[in-house]
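Same order as they appear, the protein sequences are chains A and B. So the first sequence is numbered by my numbering: it starts at 2 and just counts up by one. So the second sequence is numbered by my numbering: it starts at 115 and just counts up by one.
Bear in mind the hints are in silico, worked out from the structure with no lab data behind them. Glycine included, C-beta positions come from ideal geometry on N, C-alpha and C. Some hints could be false.
Said to hold, decoys possible - Derived, one-sided and incomplete: chain B residues facing chain A with beta-carbon distance under 8 Å:
| # | residue |
| --- | --- |
| 1 | CYS162 |
| 2 | ARG164 |
| 3 | VAL166 |
| 4 | ALA168 |
| 5 | ALA171 |
| 6 | TYR173 |
| 7 | ALA187 |
| 8 | ILE189 |
Said to hold, decoys possible - To give an idea of the chain A side of the interface with chain B (calculated C-beta under 7 Å), a few residues:
| # | residue |
| --- | --- |
| 9 | LEU55 |
| 10 | LYS116 |
| 11 | VAL119 |
| 12 | LEU134 |
Said to hold, decoys possible - From the derived model, a few chain A residues whose C-beta atoms are all more than 12 Å from chain B:
| # | residue |
| --- | --- |
| 13 | ALA19 |
| 14 | GLU48 |
| 15 | GLY129 |
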Amino acid sequence: MLVQLTQEPLEAEPLVRAVRRDASGAVALFYGVVRNHNEGRGVLFLEYEAYPELAEKQLRAVGEELLRQYPIDDVAIAHRTGRLEIGETSLLVAVASAHRAQALEACHAAVDRIKQTVPIWKKEHWAGGGVWLDGQPVALPEQQPEPAS
Amino acid sequence: MQITVRLFAALAEGAGVRSFPLDVPPGARAAAVRSALQARYPQMQALCERSVFAVNAEYAAADRLLYDGDEVALIPPVSGG
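Using the sequences and the hints given, assemble the complete structure.
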């Protein structure tokens, strides 16, 4: 499982190569890209910030959960941080499976979970200002009981 | 004992600081960090309420016991992707 959190431009091909097996009949690939508008307002660029130590762990946790829950061959996830211009790729998810339905479904689920659980934030910049977008409060999974001391 | 508080995104911008040391009494739990932030930055009351905790780069419940030297982050609603 390949997981990347980087400030560098994202390339899809290495993810596709990383997940494909000879048994794979499908690779689903999702690109999240920066668009030039949001809620009726023109967007100039986006700024992504992460809590890197936790974000990498959570991206990996999403991938591991996916491997447990779907009959897939492998998954790769890459998220970019820093300043991204219109049209640039912020997120890549690649999922390989024997059959397309599972690859597409798992890829969709991965993107949803990344948006719900990974500590990454985006700030929208427009002419004369900018704002951190209001996101989803993180829903914590069941807590492990604290070890007795 | 002393812990380190880390802030991100709208919380960091609102506070004007990304990290600061905080003295808490022994036996303090993660929720104490939220209270301290809300007292220090009343304008961020609501955002703090919608934030969750991470202790030493792991998500943690509000009742997690803190220890000297812990790094406690308040994670505002996420918007990656």
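Status of each hint after checking the structure:
Evaluation of the CYS162 (chain B) hint against chain A yields a violated restraint, the C-beta minimum of about 11 Å exceeding 8 Å. The closest approach between the C-beta of ARG164 (chain B) and any C-beta of chain A is roughly 5 Å, which is under the 8 Å cut-off, so the hint is satisfied. Nearest Cβ of chain A to the Cβ of VAL166 (chain B): about 5 Å, under the 8 Å cut. The hint holds. At a threshold of 8 Å, the smallest CB-CB gap from ALA168 (chain B) to chain A is about 5 Å, leaving the interface hint in force.
At its closest, the beta carbon of ALA171 (chain B) sits 4 Å from a beta carbon of chain A; the interface hint therefore holds under the 8 Å criterion. Because the beta carbon of TYR173 (chain B) sits about 5 Å from the nearest beta carbon in chain A, less than 8 Å, this interface hint is met. Checking ALA187 (chain B) against chain A by beta carbon gives a least distance of about 6 Å; that is within 8 Å, so the hint holds. Taking 8 Å as the C-beta contact cut-off toward chain A, the hint placing ILE189 (chain B) at the interface holds, the least distance being around 5 Å.
Using the Cβ-Cβ criterion of 7 Å, the hint placing LEU55 (chain A) at the interface with chain B is satisfied: the shortest such distance is roughly 5 Å. Checking LYS116 (chain A) against chain B: minimum C-beta separation of about 4 Å stays under 7 Å; hint holds. Contact between VAL119 (chain A) and chain B, as hinted, is supported at the beta carbon level, the nearest pair being about 5 Å apart and thus within 7 Å. Interface restraint check: LEU134 (chain A) against chain B, minimum CB-CB distance 4 Å, threshold 7 Å, status holds.
With a minimum CB-CB distance of about 20 Å to chain B, ALA19 (chain A) clears the 12 Å threshold, and the non-interface call stands. Separation of GLU48 (chain A) from chain B is inadequate, the least Cβ-Cβ distance of about 10 Å not exceeding the 12 Å criterion. The claim that GLY129 (chain A) lies off the interface holds: its Cβ sits roughly 17 Å from the closest Cβ of chain B, which is beyond the 12 Å cut-off.
Of the numbered hints given earlier, the model fails hints 1 and 14; all others are met.
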